[in-house]
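Make a model of the complete structure from these sequences and hints.
2 protein chains.
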Amino acid sequence: MQLQAEVLRRDGRRIAFVPTMGFFHEGHLSLMRIGRREADVLVVSIFVNPAQFGPEEDFDTYPRSFEKDLELSRREGVDLAFTPDKPQLYPDGYQTYVNLENLPNHLCGLSRPVFFTGVATVVAKLFNIVRPHIAVFGEKDYQQLLVIRRMVQDLDFDIEIIGAPIVREPDGLAMSSRNNYLTAQQRPAALSLYKSLNRARALVESGIHDSVRILKEVERIILAYPDTEIDYLALCDLKSLEDVKNIDRPVLMALAVKVGSTRLIDNMVLDPKC
Amino acid sequence: MQLQAEVLRRDGRRIAFVPTMGFFHEGHLSLMRIGRREADVLVVSIFVNPAQFGPEEDFDTYPRSFEKDLELSRREGVDLAFTPDKPQLYPDGYQTYVNLENLPNHLCGLSRPVFFTGVATVVAKLFNIVRPHIAVFGEKDYQQLLVIRRMVQDLDFDIEIIGAPIVREPDGLAMSSRNNYLTAQQRPAALSLYKSLNRARALVESGIHDSVRILKEVERIILAYPDTEIDYLALCDLKSLEDVKNIDRPVLMALAVKVGSTRLIDNMVLDPKC
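Read top to bottom, the protein sequences are chains A and B.
Start counting the first sequence at 1; every next residue gets the next number (this note's numbering).
Start counting the second sequence at 275; every next residue gets the next number (this note's numbering).
No wet-lab data here; the hints were simulated from the structure.
For each residue, glycine too, the CB sits at the ideal point set by N, CA and C.
Fair warning: there could be bad hints in the mix.
Claimed, not checked - Short, incomplete list of chain B residues facing chain A, as computed with Cβ under 7 Å:
#, residue
1, Gln276
2, Arg288
3, Gln369
4, Asn376
5, Leu429
Said to hold, decoys possible - Below 30 Å or equal to it, Euclidean Cα-Cα: the simulated DSSO-like pairs (lysine-lysine) are:
#, chain 1, residue 1, chain 2, residue 2
6, A, Lys239, B, Lys360
7, B, Lys414, B, Lys532
8, B, Lys469, B, Lys490
9, A, Lys239, A, Lys273
10, A, Lys86, B, Lys513
11, B, Lys414, B, Lys519
Listed below in structure tokens is the structure:
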């Protein structure tokens with residue numbers, strides 16, 4: 001891959017990169033379409049990265065569909081699929097990690113302490129192997145997108161990062177490989193995330209700018225469903241992810257909710273000026 | 275710099291890189307000569323990296339000779355001198371660091387807890403800016419060389435790392451910008467490092483392979499001089515830096531000694547087969 005990238009760059013070809021953990025859905029395909037449009041060569045990686053899973057998390061059961069992913073990649077015009085295995089990326093004696101000091105101390109980083117170190121590390125590695133000019137990440141993982149942007153800026157990677165809008169199922173559920181874990185019975189509870197985000201937006205746009213009041217309403221909606229457990233609800237700054245008490249500018253409403261044993265996340269930008 | 279590197283690489287030119295903190299001596303010049311020989315374009319960076327100095331260390335007083343360094347670079351055939359300032363490499367909000375888990379838990383890492391994080395971080399940044407094919411580091415900072423090699427392997431940098439032998443003054447003192455701090459009166463004490471390394475080598479080559487016995491003799495030599503304080507003395511594995519008790523293979527003898535307030539390091543590979 002690294003050799004191919006070097007040759008492509010010397011030929012003046014522009015490389016777009018979409019790093020993934022596979023089990024493709026329309027969200028992944030939307031990232032590929034953006035990459036396809038923005039560059040000459042489209043590279044997708046498929047690697048379920050052990051470094052970003054905690055010991056109690058779902059690394060072993062994370063859904064995989066390798067052959068189908070390759071077929072979908074072909075259909076989207078992917079030129080190169082990079083599909084390393086664990087010993088290739090983390091050989092014996094591996095010991096180097098990329099850490100961010102502030103951004104992980106919010107939202108998902110609080111309940112998933114190794115997650116962003118794992119993400120930043122594997123993305124730095126993949127950037128050095130794939131050598132892209134641009135890379136595309138989904139806004140569903142908003143905090144991850146900020147972490148990658150910050151890492152790219154801080155470590156001086158010469159790569160343009162493009163964020164892509166959340167893709168939703170027809171009923172509004174944000175697309176995620178982990179939706180595969182949900183039973184039909186859990187679907188209404190899973191939809192409470194999107195429902196509560198829309199309610200929060202309506203409140204902000206109607207002139208209610210007190211975060212405490214909005215978060216209480218969001219909590220009420222989610223806990224009305226059985227089998228839901230809130231990890232976090234936050235109204236926070238779009239860049240720093242610090243809590244915002246009074247919504248006097250566009251803010252991120254972000255939330256993580258467990259439905260049964262499935263952890264779901266979603267987010268929306270709420271703009272008081274709308 | 276990044277733009278120039280991109281153009282050079284597209285033209286098929288091979289880039290050699292020597293990262294430095296300036297205040298050049300023959301040690302630095304020897305690295306430049308190796309880089310000059312191995313590539314088409316020779317890049318030197320001069321940057322006293324604040325991230326690798328602890329709060330009690332000598333960042334403010336570290337010797338600087340910028341104009342003279344540029345003149346020496348020219349004489350050595352350096353094509354590009356990259357001389358960033360602190361806000362360029364560490365702007366407001368900077369928060370990304372490269373950490374190694376094991377190698378820093380030895381030798382200099384024990385008394386300089388932020389040192390190797392600072393080194394790995396700035397070198398990763400410089401690699402992304404200068405985009406070299408090869409980079410040259412001195413073996414005087416043996417642990418640093420191992421850290422860089424491991425980071426390059428772990429983060430998949432496509433860069434060949436070349437280690438260059440220690441350059442010594444005619445009296446045997448390993449060249450270092452910090453030698454500038456020494457008074458004429460302290461010179462004999464400073465020479466105790468090299469003297470004790472040679473004594474250790476003689477012992478090992480004469481068939482004495484018990485590390486405790488050798489380290490005692492080294493300690494005795496150094497402490498015979500006034501104003502010396504031992505930071506560490508170690509006989510350790512060439513790759514892992516773990517202590518070696520019985521010298522049954524080539525090992526690294528490494529030491530750090532304070533002479534007055536000046537901390538000096540030196541090392542030598544000792545081979546029982548010689």
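Structure-based check of all given hints:
no., hint, result
1, Gln276, "5 Å, holds"
2, Arg288, "12 Å, violated"
3, Gln369, "4 Å, holds"
4, Asn376, "5 Å, holds"
5, Leu429, "6 Å, holds"
6, Lys239/A to Lys360/B, "23 Å, holds"
7, Lys414/B to Lys532/B, "16 Å, holds"
8, Lys469/B to Lys490/B, "14 Å, holds"
9, Lys239/A to Lys273/A, "18 Å, holds"
10, Lys86/A to Lys513/B, "23 Å, holds"
11, Lys414/B to Lys519/B, "23 Å, holds"
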